[in-house]
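**Student:** Top to bottom, those sequences are chains A and B. My numbering puts the first residue of the first sequence at 1, with every later residue one more than the last. My numbering puts the first residue of the second sequence at 1, with every later residue one more than the last.
Take the hints with a grain of salt, since some may be wrong.
What the hints assert, rightly or not - Result set (EDC-like, lysine to aspartate or glutamate): computed pairs, CA atoms no more than 16 Å apart in a straight line:
| hint | chain 1 | residue 1 | chain 2 | residue 2 |
| --- | --- | --- | --- | --- |
| 1 | A | Lys12 | B | Asp30 |
| 2 | A | Lys34 | B | Glu154 |
| 3 | A | Lys24 | B | Asp29 |
| 4 | A | Lys24 | B | Asp5 |
Think of the hints as simulated: they come from the structure by calculation, not from any bench.
Each chain, written out:
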Amino acid sequence: MKHERDVEELLKRFSPRPAPLGLKELTIQAAGQKIRESRLLTPGWRWIFATSLVLLAFSALADWQISALEQNRLSALLDLPGEKALSPEKQADKEAAELLANLPDLDAASKKLLRRAFLDEERAATQSGQSARRFTEGIHEY
Amino acid sequence: MKLLDISQLFDQFGQAMYRYLTVKLGSPDDAEDALQEVFCRLVKHSFRLRLVRDLRAFAFRIARNEANRFLQRKIPGKQAAQPGADFAESLRRTYSGPDGLSEQAAAAALAQIPGEQREVIILKIFEGLSFREIAAVSGQSINTVASRYRYGIEKIRGLMEGGE
Numbered sequence: 001m002k003h004e005r006d007v008e009e010l011l012k013r014f015s016p017r018p019a020p021l022g023l024k025e026l027t028i029q030a031a032g033q034k035i036r037e038s039r040l041l042t043p044g045w046r047w048i049f050a051t052s053l054v055l056l057a058f059s060a061l062a063d064w065q066i067s068a069l070e071q072n073r074l075s076a077l078l079d080l081p082g083e084k085a086l087s088p089e090k091q092a093d094k095e096a097a098e099l100l101a102n103l104p105d106l107d108a109a110s111k112k113l114l115r116r117a118f119l120d121e122e123r124a125a126t127q128s129g130q131s132a133r134r135f136t137e138g139i140h141e142y
Numbered sequence: 001m002k003l004l005d006i007s008q009l010f011d012q013f014g015q016a017m018y019r020y021l022t023v024k025l026g027s028p029d030d031a032e033d034a035l036q037e038v039f040c041r042l043v044k045h046s047f048r049l050r051l052v053r054d055l056r057a058f059a060f061r062i063a064r065n066e067a068n069r070f071l072q073r074k075i076p077g078k079q080a081a082q083p084g085a086d087f088a089e090s091l092r093r094t095y096s097g098p099d100g101l102s103e104q105a106a107a108a109a110l111a112q113i114p115g116e117q118r119e120v121i122i123l124k125i126f127e128g129l130s131f132r133e134i135a136a137v138s139g140q141s142i143n144t145v146a147s148r149y150r151y152g153i154e155k156i157r158g159l160m161e162g163g164e
């Protein structure tokens, strides 16, 4: 044990020699250089990446705007319920008027009954969200 | 991490890590290269440094991993094994003994003991790390590290007395 202590004491008397001059500056400089080199996005690529992102956002926005516009135009063309959709009452009145124009001899009670049937149908279609089906089928008939 | 932080980190551990790397790699030039890599890693993991309890053990662990990577690149397929002759020379270049004779004898004895024991002795005696810190650096238990230290010292004693 005593010898063991002696060995430890001997080794503890060793002292570190000074490191080479400029080691700190060299190490920090080289580490900084390596980090800059290993960066995935160099300044040039960073600009390209940013420009691509802006273009992508712009095209997504434009696509959304064009789609919305096209949708509105199609809705208007097909008379589908959109922002300007008629209320069920007005729609029923319109349809009843179209039909009654071809039936001038119909009595008042039947006219009222017919209008009532149209209104019920229109309301049911509005509630179930199927009001467009009839028009679509109508288009396909042509 | 700012440049100032790296500078402070170097002031704290840079020289000690350089000595450790020089002895482990057996070449001051290799130690400089490895030290640069160590600082690259420290900067890359700078967000972790705030969470580290023992910064010295963490820094030495990175240095040890880098030294092992360096040696594996140099000697593919071999675990970080230090050639004895290079070690004695690099030890004398890094640390100075009380006198030439004992310096030579201790360096020669240290060169002949197993690498794991030598590493523990260097970190414990020359760099002043605790067994707990050495355990964190090497990824071993404290008991294992203490045993390696004890066996290493015994072997050095035997070698210096000419018994083994």
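**Student:** Checking each numbered hint in turn, tell me which of them this model violates, lowest number first.
**Tutor:** 1 and 2
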